[in-house]
Structures are given as C-alpha cells and as structure tokens.
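Make the complex out of the two chains shown on their own, each in a separate frame, by following the hints.
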Amino acid sequence: GENVEQHPSTLSVQEGDSAVIKCTYSDSASNYFPWYKQELGKRPQLIIDIRSNVGEKKDQRIAVTLNKTAKHFSLHITETQPEDSAVYFCAASNAGNMLTFGGGTRLMVKP
Amino acid sequence: DVKVTQSSRYLVKRTGEKVFLECVQDMDHENMFWYRQDPGLGLRLIYFSYDVKMKEKGDIPEGYSVSREKKERFSLILESASTNQTSMYLCASSLKGGTYEQYFGPGTRLTVT
Numbered sequence: 720g721e722n723v724e725q726h727p728s729t730l731s732v733q734e735g736d737s738a739v740i741k742c743t744y745s746d747s748a749s750n751y752f753p754w755y756k757q758e759l760g761k762r763p764q765l766i767i768d769i770r771s772n773v774g775e776k777k778d779q780r781i782a783v784t785l786n787k788t789a790k791h792f793s794l795h796i797t798e799t800q801p802e803d804s805a806v807y808f809c810a811a812s813n814a815g816n817m818l819t820f821g822g823g824t825r826l827m828v829k830p
Numbered sequence: 147d148v149k150v151t152q153s154s155r156y157l158v159k160r161t162g163e164k165v166f167l168e169c170v171q172d173m174d175h176e177n178m179f180w181y182r183q184d185p186g187l188g189l190r191l192i193y194f195s196y197d198v199k200m201k202e203k204g205d206i207p208e209g210y211s212v213s214r215e216k217k218e219r220f221s222l223i224l225e226s227a228s229t230n231q232t233s234m235y236l237c238a239s240s241l242k243g244g245t246y247e248q249y250f251g252p253g254t255r256l257t258v259t
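Here the protein sequences line up with chains A and B, keeping their order. Letter 105 of the first sequence, counting from 1, is numbered 824 in my numbering, and no numbers are missing. Letter 73 of the second sequence, counting from 1, is numbered 219 in my numbering, and no numbers are missing.
Hints listed in this document are in silico derivations from the structure and should not be mistaken for laboratory results. As the structure is a prediction and not an experimental result, all values here were calculated from the model.
The calculated lysine-lysine pairs, modelled on BS3-like cross-linking and capped at a C-alpha distance of 30 Å, are:
| # | chain 1 | residue 1 | chain 2 | residue 2 |
| --- | --- | --- | --- | --- |
| 1 | B | Lys-217 | A | Lys-756 |
| 2 | B | Lys-201 | B | Lys-159 |
| 3 | A | Lys-777 | B | Lys-242 |
| 4 | B | Lys-149 | B | Lys-159 |
| 5 | B | Lys-203 | A | Lys-790 |
| 6 | A | Lys-790 | B | Lys-242 |
| 7 | B | Lys-216 | A | Lys-761 |
| 8 | B | Lys-217 | B | Lys-203 |
| 9 | A | Lys-777 | A | Lys-790 |
| 10 | A | Lys-761 | A | Lys-741 |
| 11 | A | Lys-756 | A | Lys-777 |
| 12 | B | Lys-149 | B | Lys-164 |
| 13 | B | Lys-164 | A | Lys-761 |
| 14 | B | Lys-203 | A | Lys-756 |
| 15 | B | Lys-159 | B | Lys-217 |
| 16 | A | Lys-776 | A | Lys-787 |
| 17 | B | Lys-201 | A | Lys-761 |
| 18 | B | Lys-149 | B | Lys-201 |
| 19 | B | Lys-242 | A | Lys-741 |
| 20 | A | Lys-787 | B | Lys-242 |
| 21 | B | Lys-199 | B | Lys-159 |
| 22 | B | Lys-242 | A | Lys-756 |
| 23 | A | Lys-756 | B | Lys-201 |
| 24 | B | Lys-149 | B | Lys-199 |
| 25 | B | Lys-217 | A | Lys-761 |
| 26 | B | Lys-242 | A | Lys-776 |
| 27 | A | Lys-776 | A | Lys-741 |
| 28 | B | Lys-149 | B | Lys-242 |
| 29 | A | Lys-761 | B | Lys-159 |
| 30 | B | Lys-149 | A | Lys-776 |
Only chain B is shown next, with the shape it has when bound in the complex (with noise of 0.2 Å):
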C-alpha cells in the first residue's frame, strides 16, 4: 500500500516565523512534488524534485525552498512566513518522468497570522 506522509495536518504560524514542513514517501519514488491548494485555483507546483539533492521550480516558487537530503523525504521551508502564505499545502511522489500517477499526502493546513 503506498504511502505519502506530511509531517503535520495543521500549522498555526506567526508572520516573519520561518516554517518547516515536511513529506515523507515509502514508495522509492524518484519524483516528489509539492503544491499550494487554494479555492478555485487548484493545484499549484512550488517545486519539485527529481533526484536526492536535485529541485526545479514550480510556478510559484517566490517565498519558498526546498530540501532532498534523502530519496524518501521532501522538505518545504517558508524562510518567512507572510500572511498570503495560508493555504492548504500538499506534498506528492511518483515514479521518474510526467506520465505516473502522482499519489498525494494528506495535506498540511497552514495559517500564517
């Protein structure tokens, strides 16, 4: 059974904190992706990873970074968290290349107040 992980449902923040949140994936999956949900807007990329080490950008990269220090796990960091930064974010993994299925965590809602 495949299984992604996020390291908190719900995150309470304050601005200018700097935020953590973490994704964790058993399945060996080469790619691992992490997306904003936000109403009407569906799912936005802020980054990905292809490889241990190795990211590209999403669409909507400013205010973000990423961290692959292992194969299984994909860190997003919010240096300084701003209030248009609450959303609900989603992590996901698949198998190299863009025609896999993606499967998702089950999301980190964050509010920045």
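Next up, chain A with everything else stripped away, as it sits in the complex (with noise of 0.2 Å):
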C-alpha cells in the first residue's frame, strides 16, 4: 500500500519568513495530494490540494508543488502570520476511496 512521510516533524519560523513542509509517497499510481491544517484542538480542513496533471499550484500566500518523478511533493507558505501555527498533515490517493497521511508537521511561527 500507499506509504507517504513528512518532514520536519517540527518547525519554528520568525513571523514573515516562508516555510516549506516536505512530502515523499512510495505508490506510482498516486494521483491526488491534498494538504490539511489541523489548528490546536479543532478539526483538519483542507487548505489546498493538486493533482497530478499538474506541478505547481498557488492561492494568496500558500502553495504546492508536486515532483512526480521524484514522487514527493511541498508545501510552502510564505510571510508567515501567527495565525498559521498549526500542525499541517500531507496526504496521497490513487483515486480509490482512501488517504494516506503523512505524520504532521508542527508549525509555529514566532511573532
């Protein structure tokens, strides 16, 4: 099956630096990457995602970028806010019914 790791575990910024979260998956055939922002004590949510038609995609101040040969795939954000101190999990699917998730990374970021 899909294995997919994620690192750093753990990542601490000065507010306004960028940061980049990496992303490595093992089965060929994974087609969709989405990345999910976990915020303390509330649910993930989706942030962003790609697909694998596509190798770089952006909104405001995040963005993704997918290697598909290389089979890994980051996340950066750039001017980084308090607000994005989260723990952000990367995940893989071929398009069957599952995710696989990568372990998380904590963020914080230092005002």
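In structure tokens form, the structure reads like this:
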C-alpha cells in the first residue's frame, strides 16, 4: 500500500519568513495530493490540493509543488503569520477511496 | 454549511468495556471514515465505508469493528477496550472517490483506564 513520509516533524519560523514542508510517497499510481491544516483543538481542514497533471498550484500565500518523477510534493507558506501556527498534514490518494496521511508537521510562527 | 458530528468529545472507559463511537454527517456523502490520531503518527485509517452496509479495512483495523446501517451514520466499535486504544478518534466523510475533500468531525478523545 501507499506510504507517505513528511518532514520536518516540527518547524519554527519567525513571522514574515517562509516555511516549507516536504512529503514523499511510494505508490507511483497516486494522483491526488491534499494538504490539511489542524489548529490546536480543532478538526483538520483542507487548505490546498494538487492533482498529478499539475506541477504547481498557488492560493494567496500558500503553494504546493509536485514532482511525480521523484515522488515528492511540498507545501510552501510565504510571509508567515501567527495564525499559520498549526499542525499540517500531507496526504496521497490513488483515486481509490482512501487517503494515506503523513505524520504531520507542527509549525510554530514566532511573532 | 457542511457538518460532521461525533457523539462525544471526551470519553473515559475501563479496560474490557465495549465502546461505541458514533458519527453523523448531513451532506449525503457516500464515503465515511474512522481515523485514529496519535502524536507523530498522523492520521491512521481504521475503517472506511463507501456505502450502506459496506466497509473496508484500513491500516489498523485490529481491535475495532464498524457499522453503517444508514447513509448518514457510521459507528466505530471497540469490542473490548484496551489501554493501547487510548487516543483521539476522528470521523470524516466525503463524496465517492479518493479525490474529494474529506470533512472531519470534532474528534472524540478516548481514555481507557
């Protein structure tokens, strides 16, 4: 089955700096890669996703890149703000019904 | 506004008890999921259901069973709770297929003593 690894497990940045979280996946048939954000005490929510026919997708301060050859994808957050502090999860799906999640990254943005 | 609710936010049970966790969604979603969330391990899939009375095992089904008698409701059952099942349990739902957003419930923090 699919295996998704996520790095780093914790990331601390200064407000205004950029943050990058990286994930690798094992199943070359995977074609959908969402990112979820979970604020403290709250439920995970989808923030951005990318499909395998696209190399990059951007939504305001967040962007995701995908390298299918290397089987890795990354989340980029620019101009970080304290409200970006949360746990971020990457995931991969091969268009079956299931998502496989990475282990999560705790992002801390220091004011 | 999409809504996934879970029967309890916090639950404390004793070892050996039978535990029921319930999840209800009001979005007419075909898929429903039960995950377990532990620090550093992400979200691990226990079971999912793609239709009424249909279920498939996820990555960690041992010690758990599920029931889906109605489209909107998906139950997770711990037949005989053990201390290693102390965890946060999250329910989610989505449209059919693996490329649609999953909507999560608020979670149930289960402690087994």
